[in-house]
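Sequence order for the protein chains is A and B. The numbering used here applies: residue 1 is where the first sequence begins, and numbers increase by one. The numbering used here applies: residue 264 is where the second sequence begins, and numbers increase by one.
Each hint should be verified, as a subset may be incorrect.
What the hints assert, rightly or not - List time: in silico DSS-like cross-link candidates among lysine-lysine, alpha-carbon distance up to 25 Å:
no.: 1; chain 1: A; residue 1: Lys111; chain 2: A; residue 2: Lys85
no.: 2; chain 1: A; residue 1: Lys149; chain 2: B; residue 2: Lys448
no.: 3; chain 1: B; residue 1: Lys419; chain 2: A; residue 2: Lys261
no.: 4; chain 1: A; residue 1: Lys55; chain 2: B; residue 2: Lys419
These are computed hints drawn from the structure, not numbers from a lab.
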Amino acid sequence: MQTLMNVVVCAKQIPDPAAPGELDPNTKTLKREGKLILDDSDAYGVEMGLQLADKAGGGEVTLVSMAPNSEVSGLRTALAMGAAKAILVSDPALQGTDSLATAKVLAAAIKRAEPDLVLTATESTDGYTGLLPAQLAEILGWPSITFAKHIEVSDGTAKVQRQTEEGYDEVEAPLPAIVSVTAGVVEPRYPSFKGIMAAKNKPVDEVKVADLGLSEDEVGWKGARQEIVDVSPAEERQAGEIVEDEGDAHERVVQFLEQLKVI
Amino acid sequence: MAVSTTWVFAEASEGKVATITLELLTKARALGGTVEAFYGGGDADTIAEQLGKFGATKVYAADAGDALQGAPVAAAMAAQIEGGNKPDLIMFGQTYDGRDVAGRLSAKLDRPALTNGVDVSADDKVTVQNAIFGGNTLVQTAFDGDGPFLALFRPKSFAAEEGGGGAAEVVAVDVPDTGLSGQTKVLDRHVEETTGPKLDEAEVVVSGGRGLGSAEKYEMIEQLAKLLKGAPGASRAIVDAGWVPYAYQVGQTGKVVKPNVYIAAGISGATQHLVGMKGAKNIIAINKDKDAPIFSIADLGIVGDVHKVIPKLLEALQAKG
Ligand SMILES: Cc1cc2nc3c(=O)[nH]c(=O)nc-3n(C[C@H](O)[C@H](O)[C@H](O)COP(=O)(O)OP(=O)(O)OC[C@H]3O[C@@H](n4cnc5c(N)ncnc54)[C@H](O)[C@@H]3O)c2cc1C
Ligand SMILES: Nc1ncnc2c1ncn2[C@@H]1O[C@H](COP(=O)(O)O)[C@@H](O)[C@H]1O
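Pulled out of the complex, with its shape left as it was, chain A reads as follows (with noise of 0.2 Å):
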């Protein structure tokens, strides 16, 4: 018997991070203009959603990403990658979107997909809630097991070591579920020339809120309920003492913490 596997993996747009991040002046919300990239911390989602996929012997990856401005950039990364096809939910409605209403967002898009296994990330680079994976699987009726460094799949079931303070616990749960990966725990493969030329051609498949049976009240700025009511500095740090090695700079360093009384 052929077992499929079909795993959606949440694909995050963002702005590339190297770049310093701003604030629109009049939203107080982070400037998402310009050419967004794959979030480094889905793209061990992506790798980890092919090897199992691989592993089972058949079946694909779907990715599901919502952004601004119909972007596709990052989607295509993924998919020179080796994922199948991509649903992008794209509109102008979800500005200001909040990480419940995203959850809502990316639950009814993931729906579509119908897959056994969704995969995220423990949180994004720009946003970092962390919380969207629990909003999404409570969203779902689906158990999650969050905090994931190695998922084996057999029978209908996801096994699970989830990291913990103390080292990590070994979970399971019945599919379909919803597990989010930590950074690091997979190497994600660098997309071939074949899997770049392949990626175009690709399907996106870019609905809009009201496709997806939502409506606009439920998402962007008036989804929210909450204001941004102040930003400013925070107090800085300031440089110290700065001391060039000359062979004895290690001394300054027994004196600093004779002085601090740790010695």
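Put chain B with the ligands on the given structure of chain A with help from the hints.
Leaving out everything else, chain B with the ligands in the frame of chain A:
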């Protein structure tokens, strides 16, 4: 509007309440009003005393059994709230289980949750402060409408201080049927052995980064930490590279530390690292690049090669005995 009741999502391990929970209870007390804890682990009786000392008058105990806490605890909280037992504010740690419970509760109640908080005030409105761009910008966000408001706070945002109360009253509450959502099962727990003080509790933290050059060189960091009776830490770069376990990571996606002394060796000082350690009282940085961002926050910056400075430092410290 001041808050009249605050709930704190309580976490504990092996009969000991987590530090983050004590921090949140202390802050909750300062907001005024009644402070209550909500607990999803087993054996609430053993922790009721500690919770009480830090200000909780009651602890609602919803035993999640061997399931992950997210679904069952969120369902138990929602059932209390829908039944009319409604706090104004629910505080969670930005932790593994805190995020699971808060995320699910937020979806269940269809309410937003504010994350990564470093402070909270309750005057006209409940306002949560968080820090962005590596902590150089503070943002105040107020909740609209009526509570309960859900907010998550980063560890070490508040100092934990006892309030001198007696043991919290344990109130067992039902966990409603969570259907598929609740069907997670913890089969086994693995505890990684550590010696010395815990990273987030140590008075001295010595962290190494990619500047060490190779995994073997991390031993210098461990030795230095040991000599200073501190804990070794790491940047994410070397955790991702597999040199040290994730538990060593300091920063946005790792531990928040606030030691008396933090030593950063071969760490550039990316914003995501800084948010985890810039609360240290004293910072020493060793980096061969004089323009490394870590120097902008270091009290003592050594521009030098870790392979030269640290061995000499170890020698000097050993000589002192
Ligand atoms: C979403 C997200 C979350 C993140 N979370 C974290 C986090 O929690 N913690 C974290 O640390 N990072 C985190 N990062 C990664 C962070 O952005 C940096 O990439 C990381 O901190 C860099 O680690 P590093 O300083 O060891 O390495 P590098 O940035 O490569 O710096 C190495 C430094 O070593 C110096 N050096 C080299 N050789 C020597 C020598 N012989 N002697 C002395 N100095 C030398 C170099 O000058 C350089 O400054 C996160 C990133 C993202 C996107
Ligand atoms: N707009 C989005 N599109 C696709 N995936 C997302 C989006 N926002 C969040 N996610 C996923 O949810 C994870 C957690 O996001 P966050 O709650 O923002 O920290 C991210 O790392 C992604 O995997």
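How the hints compare with the structure:
1. At roughly 15 Å between alpha-carbon atoms, lysine 111 of chain A and lysine 85 of chain A fall within 25 Å of each other, so this suggested pair holds.
2. Taken as a hint, the lysine 149 of chain A and lysine 448 of chain B pair is honoured in the structure, with Cα atoms around 17 Å apart against an allowance of 25 Å.
3. This hinted pair checks out: lysine 419 of chain B and lysine 261 of chain A have alpha carbons roughly 23 Å apart, not beyond 25 Å.
4. This hinted pair does not check out: lysine 55 of chain A and lysine 419 of chain B have alpha carbons roughly 42 Å apart, beyond 25 Å.
Comparing the model with each numbered hint stated earlier shows that hint 4 is the single one that does not hold.
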